[in-house]
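Chemist: Residue numbers (full-length UniProt numbering), protein chains in the order written: chain W, 1 to 342; chain A, 1 to 342.
Treat each hint with caution, since some may be false.
To be verified - Sample of chain A residues facing chain W (criterion: CB under 8 Å; computed from the structure):
id: 1; residue: Y63
id: 2; residue: D107
id: 3; residue: P317
As the list claims (entries may be wrong) - What follows is a list of derived Cβ distance ranges for each label pair:
id: 4; chain 1: W; residue 1: E104; chain 2: A; residue 2: G42; range: 51 to 57 Å
id: 5; chain 1: A; residue 1: T330; chain 2: W; residue 2: T102; range: 34 to 40 Å
id: 6; chain 1: A; residue 1: T330; chain 2: W; residue 2: N3; range: 51 to 57 Å
id: 7; chain 1: A; residue 1: T330; chain 2: W; residue 2: Q205; range: 44 to 50 Å
id: 8; chain 1: A; residue 1: N191; chain 2: W; residue 2: T2; range: 25 to 31 Å
id: 9; chain 1: W; residue 1: E271; chain 2: A; residue 2: P190; range: 33 to 39 Å
id: 10; chain 1: W; residue 1: A22; chain 2: A; residue 2: R181; range: 47 to 53 Å
id: 11; chain 1: A; residue 1: R100; chain 2: W; residue 2: D14; range: 20 to 26 Å
id: 12; chain 1: W; residue 1: R221; chain 2: A; residue 2: T303; range: 37 to 43 Å
Simulated from the structure, these hints should not be mistaken for lab results.
The C-beta atom is built at its ideal place from N, Cα and C for all residues, glycine as well.
2 protein chains.
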Amino acid sequence: MTNLNSIGEFGLIDRIQQASPAIIHPETVRSIGDDAAVFDWGDDYGLLATDMLVEGVHFDLMYVPLKHLGYKAIAVNVSDIAAMNGLPVQLTVSLALSSRFTVEAVDELYAGIRAACEDYKVDLVGGDTTSSRSGLVISIAVLGKVPKDLITYRNTAQPNDVICVTGDLGAAYLGLQLLEREKQVFLADPNMQPSLTEERSYLMQRQLRPEARTDIVHELRDLGIRPTAMIDVSDGLASELLHICRQSGTGAVIFDENIPIDDQTHLAADEFKISPITAALNGGEDYELLFTVRPQEFDKLSTNARITAIGYLTADPNQLVLATKAGQQTPIRAQGWESFQK
Amino acid sequence: MTNLNSIGEFGLIDRIQQASPAIIHPETVRSIGDDAAVFDWGDDYGLLATDMLVEGVHFDLMYVPLKHLGYKAIAVNVSDIAAMNGLPVQLTVSLALSSRFTVEAVDELYAGIRAACEDYKVDLVGGDTTSSRSGLVISIAVLGKVPKDLITYRNTAQPNDVICVTGDLGAAYLGLQLLEREKQVFLADPNMQPSLTEERSYLMQRQLRPEARTDIVHELRDLGIRPTAMIDVSDGLASELLHICRQSGTGAVIFDENIPIDDQTHLAADEFKISPITAALNGGEDYELLFTVRPQEFDKLSTNARITAIGYLTADPNQLVLATKAGQQTPIRAQGWESFQK
């Protein structure tokens with residue numbers, strides 16, 4: 001018998017891919033291996049993505065408000081559609097609920113779901129609600145569309161492409177550290193008032209209520225730019241860059257001083273004695289977009305404050321390095337994904 | 001604060017429906033309230049259904065083989081597509097797994113998933129695999145298609161339509177009773193050999209490895225019959241008939257002696273001192289199709305051994321009765337759905 005942890009995320013996905021039956025419908029263009037499956041629907045490509053959030057693994061109801069959780073569940077799924085350069089159209093929400101949930105709690109969760117559906121212009125079309133012996137489980141499936149000439153995969157990047165990232169990285173991870181610390185303080189003394197101040201609000205918001213970057217999808221279309229590859233940053237920059245490089249057969253050099261990190265992230269990283277670069281590389285849950293563009297296209301983006309060039313792709317698939325200003329290079333490794341719980 | 005059990009299944013679904021944002025995409029034809037959501041994809045309607053199976057609620061791994069569970073998870077989702085008179089095309093599988101699962105266990109589960117995908121001719125196109133603090137959760141989303149002139153809803157039945165059901169009912173429920181009894185015997189004395197004999201195999205198979213009736217969808221098409229309404233029997237005949245009547249604004253009379261019940265179901269019902277009619281009405285998990293046809297269409301079906309006429313619809317929405325040969329009528333009530341677990 002083989003422990004699940006021993007084969008890791010990539011091992012399990014490879015195994016599932018091998019165990020999958022052959023694709024029989026010609027309209028199925030891509031299946032497992034990208035942010036969403038891709039279907040040929042005539043004028044457009046159809047997209048289908050799914051993500052499951054499990055209590056005690058992805059969220060802790062001691063500090064996650066249900067309304068934010070509902071919003072986040074939608075945003076992280078929409079983010080997968082954005083990562084294909086697409087926009088969401090419909091989604092379903094399945095919930096497993098234990099009896100400790102009240103009707104009012106379900107209403108709160110749906111208030112967040114509704115707000116996110118409105119923000120991302122997606123129709124809530126169905127789902128399933130069942131009971132659970134233990135915690136809350138939220139499973140979302142989202143359908144999207146993308147014009148055929150704009151579809152963006154992970155495996156089509158080329159050497160010399162400029163590596164770009166939207167927004168800033170590492171904040172969601174430090175938001176989580178702050179919330180976890182508050183929880184420990186509260187558990188030690190339930191009379192303590194939370195010390196989370198206004199100045200930390202950005203980090204908290206990034207953890208509790210992330211946004212999917214559909215705004216960037218619109219912006220790239222307006223600028224007439226189709227990225228050569230794209231992925232969303234759910235597991236940390238290192239892991240996502242590794243996916244693009246592994247699937248495209250390229251290497252990458254990124255510059256540590258170029259990685260966009262918010263001032264609040266720097267401050268909190270100091271306090272927790274965490275390198276902000278490590279938080280950006282391995283923290284995860286930022287839900288920004290990581291994409292590559294041809295060097296000649298990058299000029300159109302260079303003045304955009306929401307997009308930062310952080311490096312370039314190389315022809316050597318064994319080269320995946322972080323370079324400092326001083327010229328020092330260190331290999332990047334993906335820390336990988338949460339292990340299976342005991 | 002309001003307990004979830006106090007509002008019940010219908011109450012919760014109504015509440016979720018009211019909390020849903022307005023539909024904004026013209027291609028969304030139907031959302032919550034049928035077996036699947038319906039989209040206008042040009043030549044065909046697209047269908048999207050989702051169902052979640054939760055350990056300890058929907059299955060007990062003490063007696064459910066993982067391979068059968070994988071098969072069943074697919075079949076119950078495909079059944080929702082069949083209930084719209086459609087056929088499945090693609091699906092995604094999301095799993096939450098605890099560390100007690102081995103790689104070999106995941107392989108077993110996928111062997112069943114693969115077998116079902118092959119049987120129902122559906123492409124497995126993606127999913128999500130995550131860890132779980134407690135039990136196994138399987139969430140499936142399935143896409144299907146149906147020619148526009150064949151789509152079959154729940155709310156379009158008319159008075160005088162003939163009520164038909166495929167296969168037989170109640171067997172899955174008695175299969176569950178047998179398996180639960182064996183479990184108790186085993187827990188009392190782990191050295192006891194199981195007494196489940198060959199002659200009980202049909203009941204066990206109905207519980208552990210049900211089939212979706214896509215064969216009936218093909219057959220109806222071959223006969224040129226479009227049902228006036230259709231639903232799959234997941235929660236028991238009473239509950240499904242109530243859905244059709246409530247949504248179509250009709251009543252119904254069904255004849256107890258016409259309800260198709262297998263001999264094995266009769267024998268086991270005797271043994272457990274359960275009325276086989278009650279098992280058919282409220283047992284659930286048979287995954288047969290319940291549908292209505294215009295009286296003049298029924299002739300084309302009357303010689304089909306896999307389809308049984310069990311009654312007819314009436315114009316009085318308050319009339320929902322079970323009639324005996326002797327002419328006695330008793331009201332049918334849906335026992336409803338599992339309550340939320342403590």
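Chemist: Are the hints correct? Go through all of them and say.
Modeler: Here's how the hints hold up against the structure:
no.	hint	verdict
1	Y63	violated (17 Å)
2	D107	holds (7 Å)
3	P317	violated (25 Å)
4	W:E104 / A:G42: 51 to 57 Å	violated (42 Å)
5	A:T330 / W:T102: 34 to 40 Å	holds (36 Å)
6	A:T330 / W:N3: 51 to 57 Å	holds (56 Å)
7	A:T330 / W:Q205: 44 to 50 Å	violated (58 Å)
8	A:N191 / W:T2: 25 to 31 Å	holds (30 Å)
9	W:E271 / A:P190: 33 to 39 Å	violated (55 Å)
10	W:A22 / A:R181: 47 to 53 Å	violated (41 Å)
11	A:R100 / W:D14: 20 to 26 Å	holds (22 Å)
12	W:R221 / A:T303: 37 to 43 Å	violated (58 Å)
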